[in-house]
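Number of protein chains: 2
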Amino acid sequence: MIAGRIRHTVAFTLAHAEGSAGERDFLEAAERLAAVPGVEAFELLAEVSPKNGYRFGISMEFGYNEHPDHLRFVQERWLSEVSDFLELDYAARY
Amino acid sequence: MIAGRIRHTVAFTLAHAEGSAGERDFLEAAERLAAVPGVEAFELLAEVSPKNGYRFGISMEFGYNEHPDHLRFVQERWLSEVSDFLELDYAARY
Numbered sequence: 000m001i002a003g004r005i006r007h008t009v010a011f012t013l014a015h016a017e018g019s020a021g022e023r024d025f026l027e028a029a030e031r032l033a034a035v036p037g038v039e040a041f042e043l044l045a046e047v048s049p050k051n052g053y054r055f056g057i058s059m060e061f062g063y064n065e066h067p068d069h070l071r072f073v074q075e076r077w078l079s080e081v082s083d084f085l086e087l088d089y090a091a092r093y
Numbered sequence: 000m001i002a003g004r005i006r007h008t009v010a011f012t013l014a015h016a017e018g019s020a021g022e023r024d025f026l027e028a029a030e031r032l033a034a035v036p037g038v039e040a041f042e043l044l045a046e047v048s049p050k051n052g053y054r055f056g057i058s059m060e061f062g063y064n065e066h067p068d069h070l071r072f073v074q075e076r077w078l079s080e081v082s083d084f085l086e087l088d089y090a091a092r093y
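Top line first, the protein sequences correspond to chains A and B.
So for the first sequence, numbering that gives the first Met the number 0 puts the first residue at 0; every next one is plus one.
So for the second sequence, numbering that gives the first Met the number 0 puts the first residue at 0; every next one is plus one.
Hints are not guaranteed to be accurate.
Said to hold, decoys possible - With a Cα cut of at most 20 Å, we get these calculated EDC-like pairs of lysine to aspartate or glutamate:
#: 1; chain 1: B; residue 1: 50; chain 2: A; residue 2: 86
#: 2; chain 1: A; residue 1: 50; chain 2: B; residue 2: 60
#: 3; chain 1: A; residue 1: 50; chain 2: B; residue 2: 65
#: 4; chain 1: B; residue 1: 50; chain 2: A; residue 2: 88
#: 5; chain 1: A; residue 1: 50; chain 2: A; residue 2: 83
#: 6; chain 1: B; residue 1: 50; chain 2: A; residue 2: 17
#: 7; chain 1: A; residue 1: 50; chain 2: A; residue 2: 86
#: 8; chain 1: B; residue 1: 50; chain 2: A; residue 2: 83
#: 9; chain 1: A; residue 1: 50; chain 2: B; residue 2: 86
#: 10; chain 1: B; residue 1: 50; chain 2: B; residue 2: 86
#: 11; chain 1: B; residue 1: 50; chain 2: B; residue 2: 83
#: 12; chain 1: B; residue 1: 50; chain 2: A; residue 2: 65
#: 13; chain 1: A; residue 1: 50; chain 2: B; residue 2: 83
#: 14; chain 1: A; residue 1: 50; chain 2: B; residue 2: 88
What the hints assert, rightly or not - Computed far set for chain A versus chain B, every beta-carbon distance over 12 Å:
#: 15; residue: 28
#: 16; residue: 31
#: 17; residue: 35
#: 18; residue: 37
#: 19; residue: 38
#: 20; residue: 42
#: 21; residue: 68
To be verified - To be clear about the criterion: a stretch of chain A counts as covered by chain B if any three or more of its residues have a C-beta under 8 Å from a C-beta of chain B, and this derived list gives those stretches:
#: 22; segment: 3–15
#: 23; segment: 45–53
#: 24; segment: 82–89
Just so you know, these hints were derived from the structure itself, not from any lab.
Ideal Cβ positions, reconstructed from N, Cα and C, are used throughout, including at glycine.
So that you can see chain A by itself, here it is in the shape it has in the complex (with noise of 0.2 Å):
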């Protein structure tokens, strides 16, 4: 990836029962990110490992400052909605 900036993963779980209501309005949220200024390549994505728990998967690169309309998503639907996660950032090595 481009030196310079992060590859902000995280895997996650929702409160909303599957296929609900909820559950798709919460998913159309966090994709109006990728319309964020400085997000790039961001993918909403199925996670399918057998070997843990997680449901869903957001990958976006952006540089290391975060947009207020990313904070906004956090505060106002992730932390609420969101029922297990974990983060992961990634950078090129070199």
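Go by the hints and put chain B onto chain A.
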């Protein structure tokens, strides 16, 4: 990502000391996985989040079957030289 493919990711920490010859040798062996038939988008990364203790990451994409060279690397190097890890496998949601 492309439907029908898995993005196999693993965050890990080595049993080898930071900057040691053992660490370097392991990482070089890991990078050779990029040449395994069927492996695409291989990346060896630094894990930089202060919220977890993992130091490295590998991301690669392939179909649903793992190549024997990949399984051999897991048997011969991974199991003895990696002290902690977490696998996350991603797929397209649609």
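A quick look at each hint next to the structure:
Our distance criterion of 20 Å between C-alpha atoms is met by residue 50/B and residue 86/A, whose separation comes to about 7 Å. Using a Cα cut-off of 20 Å, the hinted pair residue 50/A and residue 60/B holds, with the two alpha carbons roughly 18 Å apart. Restraint check for residue 50/A and residue 65/B: satisfied, since their Cα atoms lie roughly 16 Å apart, inside the 20 Å limit. This hinted pair checks out: residue 50/B and residue 88/A have alpha carbons roughly 9 Å apart, not beyond 20 Å.
Distance hint between residue 50/A and residue 83/A is fulfilled; the C-alpha atoms sit about 15 Å from each other, no more than 20 Å. Of the pairs offered as hints, the one joining residue 50/B and residue 17/A is violated, with about 28 Å between alpha carbons and a cut-off of 20 Å exceeded. A threshold of 20 Å between alpha carbons decides the hint, and for residue 50/A with residue 86/A the separation of about 17 Å falls inside it, so the pair holds. For the hint pairing residue 50/B with residue 83/A, the CA-to-CA distance comes to about 14 Å; that is within 20 Å, so the pair holds.
Using a Cα cut-off of 20 Å, the hinted pair residue 50/A and residue 86/B holds, with the two alpha carbons roughly 7 Å apart. The suggested pairing of residue 50/B with residue 86/B holds, with an alpha-carbon distance near 17 Å, which does not exceed 20 Å. In summary, the hint linking residue 50/B to residue 83/B is supported, as the alpha carbons are separated by about 15 Å, within the 20 Å threshold. For the given pair, residue 50/B sits about 16 Å from residue 65/A by alpha-carbon distance, which is consistent with the 20 Å threshold.
Taking the CA atoms of residue 50/A and residue 83/B, the gap is near 14 Å; set against the 20 Å cutoff, the hint holds. Restraint check for residue 50/A and residue 88/B: the C-alpha separation of about 9 Å stays at or below 20 Å, so the hint holds. Taking the minimum C-beta to C-beta distance to chain B, about 15 Å, the non-interface status of residue 28/A holds against the 12 Å cut. Once the 12 Å rule is applied to beta carbons, residue 31/A is consistent with being away from chain B; the minimum gap is 15 Å.
In this structure residue 35/A is separated from chain B by more than 12 Å, as the shortest Cβ-Cβ distance comes to about 19 Å. Against the 12 Å criterion, residue 37/A stays outside the reach of chain B, whose nearest CB is about 18 Å from its own CB. Every CB of chain B is more than 12 Å from the CB of residue 38/A (nearest about 17 Å), matching its label as outside the interface. Remark: the non-interface label on residue 42/A conflicts with the geometry, its nearest Cβ contact in chain B lying 7 Å away (cut-off 12 Å).
No Cβ of chain B comes within 12 Å of the Cβ of residue 68/A; the nearest lies about 21 Å off, and the non-interface call holds. For the segment 3–15 of chain A, the stated coverage by chain B holds: 4 residues have a C-beta nearer than 8 Å to a C-beta of that chain, and at least 3 were required. For the segment 45–53 of chain A, the stated coverage by chain B is satisfied: 7 residues place a CB nearer than 8 Å to a CB of that chain, which reaches the threshold of 3. Using a Cβ-Cβ cut-off of 8 Å, 5 residues of the segment 82–89 of chain A lie near chain B, which meets the minimum of three, so the contact claim holds.
Hints 6, 20, counting from the list given before, are not met by this structure.
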